[in-house]
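Undergrad: Residue-level listing of the chains:
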Amino acid sequence: MDLSKTQSIDILKSCESFIKRTKSGKIKVKAQSSNGTVVNIVLLVLAALTVYGFLTFDYKDINISHAIKETIYNIKTIFLEPRASHFPITEALYQVVITMALAFLTTIIGAIIALVLGLFAAKNLSNERVSNVIKGFVAFIRAVPTVLWVLIFAVSAGLGSVAAVIGLTFHSVGYLIKAYSESFEEIDYGVIEALKASGANWWQIVFQAVLPSCATYLLAWTFMRFEINFTNAVAMGAAAGAGGIGFELFMAGNFYFDLREVGMITYLILAFALILENISTRIKIKYLR
Amino acid sequence: MNIDIFKKRRRQATIVAAILIALTLFSMFITEYDFAKSFTSIPKAIIWMFRNFYPDAKSMTRLPSILLKLNETVFLSIASTTTAGILALFFSLFGSKTTKVNNILSTLSRLTASAFRNIPDAVWAMIMLFSFGQNALTGYFALFFVTFGVLTRAFIETIDEVSYEAVEALQATGASYLEIVFQAVIPSGIPQMISWILFMIETNIRSSTLIGILTGTGIGYTFNMYYKGLNYNAASLVVIAIVLMVFLIEFVSNYVRRVVL
Numbered sequence: 001m002d003l004s005k006t007q008s009i010d011i012l013k014s015c016e017s018f019i020k021r022t023k024s025g026k027i028k029v030k031a032q033s034s035n036g037t038v039v040n041i042v043l044l045v046l047a048a049l050t051v052y053g054f055l056t057f058d059y060k061d062i063n064i065s066h067a068i069k070e071t072i073y074n075i076k077t078i079f080l081e082p083r084a085s086h087f088p089i090t091e092a093l094y095q096v097v098i099t100m101a102l103a104f105l106t107t108i109i110g111a112i113i114a115l116v117l118g119l120f121a122a123k124n125l126s127n128e129r130v131s132n133v134i135k136g137f138v139a140f141i142r143a144v145p146t147v148l149w150v151l152i153f154a155v156s157a158g159l160g161s162v163a164a165v166i167g168l169t170f171h172s173v174g175y176l177i178k179a180y181s182e183s184f185e186e187i188d189y190g191v192i193e194a195l196k197a198s199g200a201n202w203w204q205i206v207f208q209a210v211l212p213s214c215a216t217y218l219l220a221w222t223f224m225r226f227e228i229n230f231t232n233a234v235a236m237g238a239a240a241g242a243g244g245i246g247f248e249l250f251m252a253g254n255f256y257f258d259l260r261e262v263g264m265i266t267y268l269i270l271a272f273a274l275i276l277e278n279i280s281t282r283i284k285i286k287y288l289r
Numbered sequence: 001m002n003i004d005i006f007k008k009r010r011r012q013a014t015i016v017a018a019i020l021i022a023l024t025l026f027s028m029f030i031t032e033y034d035f036a037k038s039f040t041s042i043p044k045a046i047i048w049m050f051r052n053f054y055p056d057a058k059s060m061t062r063l064p065s066i067l068l069k070l071n072e073t074v075f076l077s078i079a080s081t082t083t084a085g086i087l088a089l090f091f092s093l094f095g096s097k098t099t100k101v102n103n104i105l106s107t108l109s110r111l112t113a114s115a116f117r118n119i120p121d122a123v124w125a126m127i128m129l130f131s132f133g134q135n136a137l138t139g140y141f142a143l144f145f146v147t148f149g150v151l152t153r154a155f156i157e158t159i160d161e162v163s164y165e166a167v168e169a170l171q172a173t174g175a176s177y178l179e180i181v182f183q184a185v186i187p188s189g190i191p192q193m194i195s196w197i198l199f200m201i202e203t204n205i206r207s208s209t210l211i212g213i214l215t216g217t218g219i220g221y222t223f224n225m226y227y228k229g230l231n232y233n234a235a236s237l238v239v240i241a242i243v244l245m246v247f248l249i250e251f252v253s254n255y256v257r258r259v260v261l
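Residue numbers (my numbering), protein chains in the order written: chain A, 1 to 289; chain B, 1 to 261.
Don't read these hints as lab results, they were simulated from the structure.
Incorrect hints may appear among the rest.
[Claimed, not checked] Listed below are the simulated DMTMM-like cross-link pairs for lysine to aspartate or glutamate, each with C-alpha atoms no more than 25 angstroms apart in a straight line:
1) A:K284 with A:E227
2) A:K123 with A:E182
3) A:K286 with B:D160
4) A:K284 with B:D160
5) A:K178 with B:E157
6) A:K196 with A:E185
7) B:K228 with B:D56
8) B:K100 with B:E165
9) A:K178 with B:E202
10) A:K60 with A:E70
11) A:K286 with B:E157
12) A:K196 with A:E186
13) A:K20 with B:E179
14) A:K135 with B:E202
15) A:K123 with B:E250
16) A:K135 with B:E250
17) B:K228 with A:D58
18) B:K100 with B:D160
19) A:K284 with A:E186
20) A:K123 with A:E186
21) B:K100 with A:E277
22) A:K284 with B:E157
23) A:K196 with A:E128
24) A:K178 with A:E193
25) A:K286 with B:E161
26) A:K178 with B:E250
27) A:K286 with A:E185
28) A:K23 with A:D10
29) B:K44 with B:D34
30) A:K26 with B:E179
31) A:K69 with A:D58
32) A:K76 with A:D258
33) B:K97 with B:E157
34) A:K135 with A:E182
35) B:K100 with B:E157
36) A:K284 with B:E161
37) B:K97 with A:E277
38) A:K284 with B:E202
Using the sequences provided together with the hints, build the complete structure.
TA: Written out as structure tokens, the structure is:
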């Protein structure tokens, strides 16, 4: 192509208006977007809050180097010399099964309640107002820490498995309603419309279209919650006297000060948690992607 | 033919339901869970909450000290999350398929993260309690360890998801490892990572309540003190303060997520 000199200068000039330059005349290579600015601000604020936090924590005159040395020694004892001294290993296994059972009960009760409420919380299956009421309620339930729900129910039900299961179920219901209703909302609206046009009623739509097409998602979310509930059940055993391996851990740590027993219990919990995580990851890879 | 499929499906559903029911009954048996009692205790608890579980004028005088403790807890969860995030970034760079240095380091960092993640925070709290006692640092480390494990896994997934093509392009131009990390991996992954960090801050505020009850620190200890002292009005004020704080942080992080992602 033959371009006269004036033409090519014209083209260069028109390009120039798209090129951004710094004050010294260099061409900018980084795109400046509001997105990047917000990222920088967030990082700066987090860093500032962290530094401020470290400066203001109530350390109670702790000797840090001494405490760290002691921690390393303790962790060595806990993880390298685990041993049960107050109960045989079969008893410890039985306690883990109790914790598992607590988690299972919580998950199954939570899943049943969440399934019903999740249908009403999904915007495409219910109306806007009902959905918003349920979602607001769920947000509140999730904001209160699980242990506080358990302790609140413990006042009327007494400390034990009933309060633990109800308290843990509250949180599970909150989590699962959110997960379930989002899966329901992802359904192709055409399917529901087609069924409506053929004269299907609400229940038929739910059982013939919605539940079958979401079943794998529901399974994956429910198992993920089971995994979380196991961790929570351990914690509730320790903090709210719900029994199980968490309670044994609390006794070993806070009453007997038996590091080796804490180590043994930690390994047991870790083993079961790893098994659950493994299953959960497999389900997720198989069904969620 | 069709009928057989339906029959088979129905039989499968029945078997699954039977197994679930059997497991439920077994669980109820060994945990001594009483269904009837749980049904009667829910309305009882609700009535009790309306009668006793609200802040009154006297408990409002304790508001400043509650807010002070809540403040400490919030800073604790922010500090533990950000510091854990920095460490998790290194581990995830070594652990990720796209940016790993070698297979041994990759497996090692994944295993470390998995162990830290799968030991519950309650257990970490008990372990740290031995040497740090009733100190803010006990809660800090308990939160730090679990957050580190969770964030490493999340960051590895983020890096693998986001930056494969960018890394390949930079490799083709002959960029060094550090250049690739700082010019491609971190810039393209940072919005997702921030989203995860904000999520963990939210989670950690709730977890630190539990850790506080176990180790006698922060807002959890404040709640436990009022709760055990039967001062339910003040305890309810603690719950309300926590809920409002969680909502506030959720609001801010949702805003940031909308802009960043």
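Undergrad: Each hint needs a verdict: does it hold in this structure or not?
TA: Comparing the hints with the structure gives:
1. A:K284 with A:E227: At roughly 13 angstroms apart (the allowed maximum being 25 angstroms), E227 of chain A and K284 of chain A satisfy the hint.
2. A:K123 with A:E182: holds, 9 angstroms
3. A:K286 with B:D160: holds, 18 angstroms
4. A:K284 with B:D160: OK: K284 of chain A and D160 of chain B at ~17 angstroms, within 25 angstroms.
5. A:K178 with B:E157: Status holds; Cα separation ~23 angstroms.
6. A:K196 with A:E185: holds, 16 angstroms
7. B:K228 with B:D56: Roughly 18 angstroms between the alpha carbons, so the hint for K228 of chain B and D56 of chain B holds.
8. B:K100 with B:E165: holds, 15 angstroms
9. A:K178 with B:E202: holds, 16 angstroms
10. A:K60 with A:E70: Within the cut-off at roughly 17 angstroms; holds.
11. A:K286 with B:E157: holds, 16 angstroms
12. A:K196 with A:E186: holds, 18 angstroms
13. A:K20 with B:E179: holds, 24 angstroms
14. A:K135 with B:E202: holds, 18 angstroms
15. A:K123 with B:E250: With Cα atoms ~22 angstroms apart, K123 of chain A and E250 of chain B stay inside 25 angstroms; holds.
16. A:K135 with B:E250: holds, 14 angstroms
17. B:K228 with A:D58: holds, 23 angstroms
18. B:K100 with B:D160: Holds. K100 of chain B to D160 of chain B sits at ~11 angstroms (cutoff 25 angstroms).
19. A:K284 with A:E186: It holds: about 17 angstroms lies between the C-alpha atoms, which stays within 25 angstroms.
20. A:K123 with A:E186: holds, 10 angstroms
21. B:K100 with A:E277: holds, 23 angstroms
22. A:K284 with B:E157: At roughly 13 angstroms apart (the allowed maximum being 25 angstroms), E157 of chain B and K284 of chain A satisfy the hint.
23. A:K196 with A:E128: holds, 19 angstroms
24. A:K178 with A:E193: Given pair K178 of chain A, E193 of chain A holds - Cα atoms ~23 angstroms apart, limit 25 angstroms.
25. A:K286 with B:E161: holds, 17 angstroms
26. A:K178 with B:E250: Cα-Cα ~15 angstroms, so holds.
27. A:K286 with A:E185: holds, 21 angstroms
28. A:K23 with A:D10: Roughly 23 angstroms separates the two Cα atoms, so the pair holds.
29. B:K44 with B:D34: Holds: K44 of chain B and D34 of chain B sit about 15 angstroms apart, inside 25 angstroms.
30. A:K26 with B:E179: holds, 21 angstroms
31. A:K69 with A:D58: Holds: K69 of chain A and D58 of chain A sit about 20 angstroms apart, inside 25 angstroms.
32. A:K76 with A:D258: holds, 13 angstroms
33. B:K97 with B:E157: Measuring from Cα to Cα gives roughly 9 angstroms; hence the hint holds.
34. A:K135 with A:E182: holds, 11 angstroms
35. B:K100 with B:E157: holds, 13 angstroms
36. A:K284 with B:E161: Distance ~16 angstroms between K284 of chain A and E161 of chain B Cα, so the pair holds.
37. B:K97 with A:E277: Distance ~20 angstroms between K97 of chain B and E277 of chain A Cα, so the pair holds.
38. A:K284 with B:E202: holds, 24 angstroms
The structure fails none of the hints (numbered hints given earlier).
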